[in-house]
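Chains as they are written, first to last, in the numbering used here: chain E, 1 to 241; chain P, 1001 to 1314.
Heads up, some of the hints might be wrong.
Listed next, the stretches of chain P that the computed footprint assigns to chain E, with coverage defined by at least 3 CB atoms under 8 Å from CB atoms of chain E [what the hints assert, rightly or not]:
1) 1111-1117
2) 1184-1192
Which residues of chain E face chain P? A few of them, derived with a C-beta cut under 10 Å, are [to be verified]:
3) F18
4) S22
5) R56
6) P91
7) M95
8) A158
9) S174
Each pair of labels, with its calculated beta carbon distance range [claimed, not checked]:
10) E/D3 with P/V1110: 40 to 50 Å
11) P/S1152 with E/E71: 41 to 51 Å
12) P/R1106 with E/D58: 17 to 27 Å
13) P/V1308 with E/S143: 35 to 45 Å
Everything labelled a hint here was simulated from the structure, so no lab data went into it.
Don't be surprised by glycine CBs; every beta carbon is placed ideally from N, CA and C.
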Amino acid sequence: MADPLLEVHNVTKRFGGFEALSNVSLEVREGERFGLIGPNGSGKTTLINCISGALRNDGGRILFRGTDVTEMPAYQRTRLGIARSFQIPKPFTSMTLLENLCIPLEYAAHARSGGDEAAGDAREILRLMGLESKAHITPAGLSQIEMRKLELARAMAAKPKLLISDEAMAGLSSAEVDDILAILFKLNEDGITIIMIEHIMRAVMRFSERIVVFDAGAKIAEGTPQAIAENKEVEKAYLGE
Amino acid sequence: MQRRVFLASMLAVVVLGALVTRVIQNQYYYFAAYVILQYVVLATAWNILGGYTGYVNFGSAAFFALGAYTSVVLIKAAAAPLVVLVVAGGLVSGLLGLGIGYLTLRLRGVFFAIATLALAVVLQTMFINWEYVGGARGIYIIRPKTVPFFTSYVEFLFAVMVVLAVVAVTVAWWIENSRVGRGLAAIRDNEEAAECMGVPTLKLKLVATTVSGVLMGVAGAPFPYYVTYVEPSSAFNLDYAVNSLAMPMIGGTTTWAGPVLGAVLLGTAQQVATVTISSALNLLIVGIILVAFVILAPEGIIGLVRRVTKGKRG
Chain E
1 MADPLLEVHN VTKRFGGFEA LSNVSLEVRE GERFGLIGPN GSGKTTLINC
51 ISGALRNDGG RILFRGTDVT EMPAYQRTRL GIARSFQIPK PFTSMTLLEN
101 LCIPLEYAAH ARSGGDEAAG DAREILRLMG LESKAHITPA GLSQIEMRKL
151 ELARAMAAKP KLLISDEAMA GLSSAEVDDI LAILFKLNED GITIIMIEHI
201 MRAVMRFSER IVVFDAGAKI AEGTPQAIAE NKEVEKAYLG E
Chain P
1001 MQRRVFLASM LAVVVLGALV TRVIQNQYYY FAAYVILQYV VLATAWNILG
1051 GYTGYVNFGS AAFFALGAYT SVVLIKAAAA PLVVLVVAGG LVSGLLGLGI
1101 GYLTLRLRGV FFAIATLALA VVLQTMFINW EYVGGARGIY IIRPKTVPFF
1151 TSYVEFLFAV MVVLAVVAVT VAWWIENSRV GRGLAAIRDN EEAAECMGVP
1201 TLKLKLVATT VSGVLMGVAG APFPYYVTYV EPSSAFNLDY AVNSLAMPMI
1251 GGTTTWAGPV LGAVLLGTAQ QVATVTISSA LNLLIVGIIL VAFVILAPEG
1301 IIGLVRRVTK GKRG
């Protein structure tokens, strides 16, 4: 079995009196395709905010490749190799797509090397994502699926070891979902570990090797897609008694 | 290539400024040009934080006045030379800038703007109550009788302001074309995404607020010698806050040329209006032009020019 890439130990996060995450522990292995599901408000996005550093957890530790990143600001975690896409796309609106990708390339992927190299790499990533024809326009001119692809492309430009995809497919058509899935499969083949948060069951079930289910801020199940589909607890969380 | 052209033209401006003092005799022109150049510095400084980084500073007057009062203290206590005043004014206002940089940790958007406005009020109140620098009455500053190389002190101040303006614009130009500038633009567009893409947002914001503060303080440092009478209500005048915000907005906030253009156009218009109509009209002019631009050309003159040239090509 491969070493854990990401270890989450007893992570707790409170917003005032509300406990959004209570004592969550999980491990993601190197090279794994990992699914994270659960009803709305179950704490999935809060957890990845804690992992990526957008939020600080109130209790517990987070380890990435053996390094304790719990106290690390988000930008340093990105430089270590954790990249994420946002559920609601947050592009750099004043920049072209190419410039959008140059930010993580310059600041995270090769924090020391220069700008020309970044532009070349950015073009390559846009080509992989099928966005090369839009390299010189601003995100305002993109369609919904292109915007999602830009989110993934920009996360890719940080050259991560772990990619967290937060609902990259919500609101897309079935063909578009397949399109994004193909991209994620390809990235995984290239050695990138992927955590997928998704409501589209067809996509998560097909993509994930292992799935963790959240409900009300706690982990209620963990297993293969097959096992999760047959789990009574999970059914109850989604459909009620 | 572009770098060489830019630096050469900046050098040309300095040389031209020096030559002008050999030709023009009428002292009024130096008085007027000093003010316009001072606004080039202020507008450029404002734009580094407001335009590049997206944090609106309503308290420019505080930074300017802090530079001016640092000079007052040093002149009174040690009769320090102008070079020392400029450096000291920059340092003190830079420290204040660093301080408000930490405010950005908690305050965004309009809340940050209000905090900077409050800062100006607090500082003004402080200086009103500080007897050593003249309190509310104000204080007279006596200029040195002579300066080497210049026939009058105002010509000298004009030359100093030319250099300061060139320095400020060069700093802005450098930031704009560097990794720092691209990081600041990412923060302006989306701070959360920037941080998640590896941009050290806090560090860069501190750089922006500090550099902006330094340049504003530098602009204020020669002020006591220019007016020879400093009092809180003129040093903290609303004009500085409004102009240093309006000039970049009118010129265009995304490039170094925007604030320069805005400051030269608006500054000149104000000077002309002061002489031909009345000095009270200044802010009215700025107000009307600003409203017109915000509605008709939110990207300023530079943005307007770009849109027109692009339209022709496409």
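Hints, one by one, checked against the model:
1. 1111-1117: Answer violated; 0 residues pass the 8 Å Cβ test.
2. 1184-1192: holds (count 6)
3. F18: 21 Å, violated
4. S22: 25 Å, violated
5. R56: 13 Å, violated
6. P91: 7 Å, holds
7. M95: 7 Å, holds
8. A158: At about 6 Å, which falls below the 10 Å cut-off, the nearest Cβ of chain P leaves the hint on E/A158 intact, so it holds.
9. S174: For E/S174, the interface hint is violated, since the closest Cβ of chain P sits about 28 Å away, which is over 10 Å.
10. E/D3 with P/V1110: 40 to 50 Å: Holds - the Cβ-Cβ distance for E/D3 and P/V1110, about 48 Å, lies within 40 to 50 Å.
11. P/S1152 with E/E71: 41 to 51 Å: Hint violated: Cβ distance 60 Å, outside 41 to 51 Å.
12. P/R1106 with E/D58: 17 to 27 Å: Once the Cβ atoms are compared, 19 Å apart, the range 17 to 27 Å for E/D58 and P/R1106 holds.
13. P/V1308 with E/S143: 35 to 45 Å: 28 Å, violated
Hints 1, 3, 4, 5, 9, 11 and 13 from the list above are not met by this structure, while the remaining hints are.
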